[in-house]
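Protein chains in written order, with my numbering: chain R, 5 to 181; chain E, 14 to 481; chain Y, 429 to 793.
Among the clues, some could well be false.
[What the hints assert, rightly or not] Far from chain R, some chain Y residues (derived; all Cβ distances over 10 Å):
hint: 1; residue: GLN589
hint: 2; residue: ASP631
hint: 3; residue: SER678
[What the hints assert, rightly or not] Capping the alpha-carbon separation at 16 Å, the derived lysine to aspartate or glutamate pairs in EDC-like fashion look like this:
hint: 4; chain 1: E; residue 1: LYS81; chain 2: E; residue 2: GLU100
hint: 5; chain 1: Y; residue 1: LYS458; chain 2: Y; residue 2: ASP500
hint: 6; chain 1: E; residue 1: LYS248; chain 2: Y; residue 2: ASP505
hint: 7; chain 1: Y; residue 1: LYS431; chain 2: Y; residue 2: ASP626
hint: 8; chain 1: Y; residue 1: LYS696; chain 2: R; residue 2: GLU129
hint: 9; chain 1: Y; residue 1: LYS768; chain 2: E; residue 2: GLU390
hint: 10; chain 1: E; residue 1: LYS248; chain 2: Y; residue 2: ASP500
hint: 11; chain 1: Y; residue 1: LYS768; chain 2: E; residue 2: GLU185
hint: 12; chain 1: E; residue 1: LYS41; chain 2: R; residue 2: GLU31
hint: 13; chain 1: Y; residue 1: LYS696; chain 2: R; residue 2: ASP125
hint: 14; chain 1: E; residue 1: LYS41; chain 2: R; residue 2: GLU30
hint: 15; chain 1: E; residue 1: LYS276; chain 2: E; residue 2: ASP82
hint: 16; chain 1: E; residue 1: LYS15; chain 2: Y; residue 2: ASP495
hint: 17; chain 1: Y; residue 1: LYS460; chain 2: Y; residue 2: GLU584
hint: 18; chain 1: E; residue 1: LYS81; chain 2: E; residue 2: GLU69
hint: 19; chain 1: E; residue 1: LYS15; chain 2: Y; residue 2: GLU553
hint: 20; chain 1: E; residue 1: LYS81; chain 2: E; residue 2: ASP106
hint: 21; chain 1: Y; residue 1: LYS768; chain 2: E; residue 2: ASP311
hint: 22; chain 1: E; residue 1: LYS70; chain 2: E; residue 2: ASP134
hint: 23; chain 1: E; residue 1: LYS15; chain 2: Y; residue 2: ASP558
hint: 24; chain 1: E; residue 1: LYS67; chain 2: E; residue 2: GLU136
hint: 25; chain 1: Y; residue 1: LYS562; chain 2: Y; residue 2: ASP551
hint: 26; chain 1: E; residue 1: LYS15; chain 2: Y; residue 2: ASP556
hint: 27; chain 1: Y; residue 1: LYS768; chain 2: E; residue 2: ASP188
Keep in mind that the hints were calculated from the coordinates and are not lab data. The C-beta atom is built at its ideal place from N, Cα and C for all residues, glycine as well.
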Amino acid sequence: MELTVNGAPRATASSPVTPLLTVLREEFNITGAKPGCEQGGCGACTVLVDGEPRRSCLLAIGMIGDAEITTVEGLGTPQELAPIQATFNDRYAAQCGYCTSGMLMAGQALLNRSESPVTRDQVLEALSGHVCRCTGYVKIVDAVIAASVGEFDNAETDERLTPQDNEPEVQIRGSAA
Amino acid sequence: MKAVGARLPRYDGIGHVTGRTMYVDDVKAPGLLQAKALRSPHHHASIVRLDTSKAEKLRGVRAVITHKDVPRNVVGLLEPQGVPADEPQLASDVVRYRGQPVAAVAAEDVETAMEALNLIDVEYEERPALFDIRLAFEPDAPQPHEWGTVYPHFGSHNHRRVRKGDIAWAFERADVIVSGVYRPQAIEHVPMETQASLAVPEPDGRLTIYSCTQAMYFSLSIVATHLQLPMNRIKLIGGTVGGGFGGKVDSASETIASLLALKSQRPVKWRWTREEEFLVSSTRAAWHIELSDAVTSDGWILGRRMTTLHDSGAYARMSPYGLTKHAFHHTGAYTIPNLKFDGFVVFTNRVPTTAMRGFGVTSVSMATETHMTRTAEILGLDPWEIRLKNANRIGDTTGNLVVMQDPSTVPVTLAAADRVGLELASEYREMTSDRRTADLLPDHLVAQQAPEGAHVLSRESTVDGGGR
Amino acid sequence: MAKHRGRGFATIEYPTGMNQNGDPSQAWIKLKPDGRVDVFAGTVDIGQGSKTVHTQIVADTLGVPYDWVTMDNSNTDSSAVCTGTFASRGTFIGGNAVRFAAQRVRERVLAVASEEMEIAPADLEIVDGDIVPKGAPGRRISLSEIAEAATYKYGELISGQGTALKPLAEVSDDDGSVTKEPHSAISYAACVADVIVDDETGDVEVTRLISVYDVGRAINPLLVEGQIEGGAMMGIGLGLLEESYPHYPSAEHRGEEFGAYLAPGIEKLPELDNVILENPSADGPFGAKAIGEMANNAQPPAITAAIHDAVGVWVTEMPASPERVLRAIRAQAQPRRDGKHVIFDEELSLRSVTANGGAGFLDTP
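Okay, chain R solo, but in the shape it has when bound:
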């Protein structure tokens, strides 16, 4: 059988009932999608199939045919991040990182099918059913919205640094969701 992954044809020896997640991780060594639960309940395994977010832990490869599979590896590279990867990184939307690739794929699918800017409610709907235990979701939502309006913190490290003689502020206003 052949699958199309991130634009390239990949031959697989796995049986048609094998979940796509297993084929990606074990056979193709494409490990960005994670086995969070293998029950379809957490979203960490999400990839795009013809642009639609799908839980790869529940998707038998025999059902895919010649549809285009996109994983987080196909979104961007360290040298050339996709906008949503850049905003996730700048805005601290990833803490432990385990749910991140699933969030990125679902977020990117939302950006692909929506007018800019996406609203907070649209983001909540797109990411519902994706579980994150670390971040409390706040900065993930921020990052998806920022990517949709092209609001990048392009500042190099130097520009983020605090000035030489900084005294700590007594109060720092945090971010509201």
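Got chain R sorted already, so can you dock chains E and Y onto it with the hints?
Frame of chain R, contents of chains E and Y only:
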């Protein structure tokens, strides 16, 4: 330019957002075997017979282990802290919780490993189980643990004690005594990455373990103890974990993966399923807290009586430590001069409980803060004012005689009030954490106030004359 | 059927460092021939960002740009001991270890620079990777040159190690007293919760959480916010949604799937308003204290108080699930009054459920 104070992205952020960060399950090892554990279906039972011979013969099975394969099977996580060893890595003559591992297999694939589990012959004889910590001292209570129903090693006591000042005086003098019962429940850690270890026997005879642990040297020490090896025969690789929250300190997967790897001389991965993570991984403890505060009608907390029961599950793990921390902080963010605290680590036949975010103090916060609001309501006082009045201040001492150096009860409370636009009376709005004087130093708080510069008070100075 | 609004708050504290101490963190640092900095520290990053925070601390302690520093916490061969990422000790104790190591490296750099530049070490500073003579900034040279000189001229591997360890505080088994501080620092927080309670379903919705945290010093405010926000959701789970054993003390489990066990999903996210205070610790790195663990401790009692404010009932079993809230609303329990005693929750107490009135627990001397 300064980095401290700057909003810098994660050091490893690029790896996270490109799917390139490596977790245990992403590691590839040629010839990798998959591990599965056979787990007890009973809450409490004797093991009458354990026969793995059929499983060993199944095609594709490369190793089967039982307690006999563990060089030092019974280990305690806190042995260096004086808590005796009580928990077997693989059960030998008794199982004490549903899900406890009894045997483990390594096979060429997951399906073969699961089939091998079915071929392991175990005969159990069920024993009565204890689930309700409140019934630990009933005459006919089942005994979940070899030490009985409660941890007996707090010195010569079976409970952790805090005694300060003169509790009888406080309850005699009080205008009102408010009592309540608080029962926070057990919850799961739910890290997005389940428990996972991958052990690789190296050509030079060493063992490499890719581990999801939160504590590399802690786990190294536990594995080395189980395997009876010096530390340099084992190399732990890790440092980046898919969530922990306290549930990846117990080192629940490293030893079994290692034993299977050593026996088969092949790399072995043991990644728990989400079902195992929910049903069998350690949980936050359930607690039962009974609290009585002796208070004056103008809102001084003269004394606190507190009895805490901590549900340790089937083994001790970190429970004596968690309960001790709970005892040290049972006065919360406030200064209470007369105390009688007793805390019990109670064993039950459920999954052993362990640390989880806030360990020991989460339950204090839940119980004592709810109680503080109740007390304010009973007295007809403002809940903000009662807290500010009793707040920790510089020079106040804790229940265990430590002197407060830089408490912030007052600033954080005032900041919260300010943030919601609350108008406090000026005497409260202007409060600080400075040493108590004048109206903030009533007679009953004098004995507990430390001299300037002290870090710890002597026992005598607070006992003599009491907290009056 | 009605929805009722309520507000409640809580103030809490939490210790930094393993209780009673005796938990070392160690680090060692070496310079490459071009002056770049290799740090070997054992603190595990479980998502809280310790690798980032430690790198920031080293960069500023040494005086080099942030991207000169690499952090390796990957294995026990090259990393020294860090007792573990728990007890909220990663920034304070782990951070102190890397800071002490960086201070020693700084001393060696200045010693080599002093020889090379023929200026006393006390008259030199390290700023942004340059060695700068005080009062003669024009004569600055790069730390790269000093590292190169150390490697090829003076025969020194510029390195340093540090250990943060507070000695064990023994505790009296008779009265719980200690003779040394059993912690490294104590952090404080306050939380105000706004809720809406539905008196027909028992459902409690948290609409807003206001959180104030004194973290001593926010080494990286982004990471502190991450703890506040993640902790807020975990606190909502703890206070309202999650339980392993729905019929506790029965050991029957809630379930083995995400659909059965209710970890908070994105739809539970309330409005979050965060305030970070900096009341510096005496000896944490740059005055830092901690936040990691306490981040989910204040929400449950704030929510409980808010439920009482909304519908006049106290739910003292956690989580305050819809069943428990409804039961409390129907029961309208009042405390028993006996002289000056006001006694709540008697039906849950040891006296009520045991054959001997709780004697084994309640009759201690």
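Right, here's what the structure says about each hint:
no.	hint	result
1	GLN589	27 Å, holds
2	ASP631	18 Å, holds
3	SER678	24 Å, holds
4	E:LYS81 - E:GLU100	15 Å, holds
5	Y:LYS458 - Y:ASP500	12 Å, holds
6	E:LYS248 - Y:ASP505	6 Å, holds
7	Y:LYS431 - Y:ASP626	4 Å, holds
8	Y:LYS696 - R:GLU129	12 Å, holds
9	Y:LYS768 - E:GLU390	15 Å, holds
10	E:LYS248 - Y:ASP500	15 Å, holds
11	Y:LYS768 - E:GLU185	10 Å, holds
12	E:LYS41 - R:GLU31	11 Å, holds
13	Y:LYS696 - R:ASP125	13 Å, holds
14	E:LYS41 - R:GLU30	9 Å, holds
15	E:LYS276 - E:ASP82	9 Å, holds
16	E:LYS15 - Y:ASP495	12 Å, holds
17	Y:LYS460 - Y:GLU584	11 Å, holds
18	E:LYS81 - E:GLU69	15 Å, holds
19	E:LYS15 - Y:GLU553	15 Å, holds
20	E:LYS81 - E:ASP106	11 Å, holds
21	Y:LYS768 - E:ASP311	14 Å, holds
22	E:LYS70 - E:ASP134	13 Å, holds
23	E:LYS15 - Y:ASP558	14 Å, holds
24	E:LYS67 - E:GLU136	15 Å, holds
25	Y:LYS562 - Y:ASP551	5 Å, holds
26	E:LYS15 - Y:ASP556	9 Å, holds
27	Y:LYS768 - E:ASP188	6 Å, holds
Every hint from the earlier list agrees with this structure, and none is contradicted.
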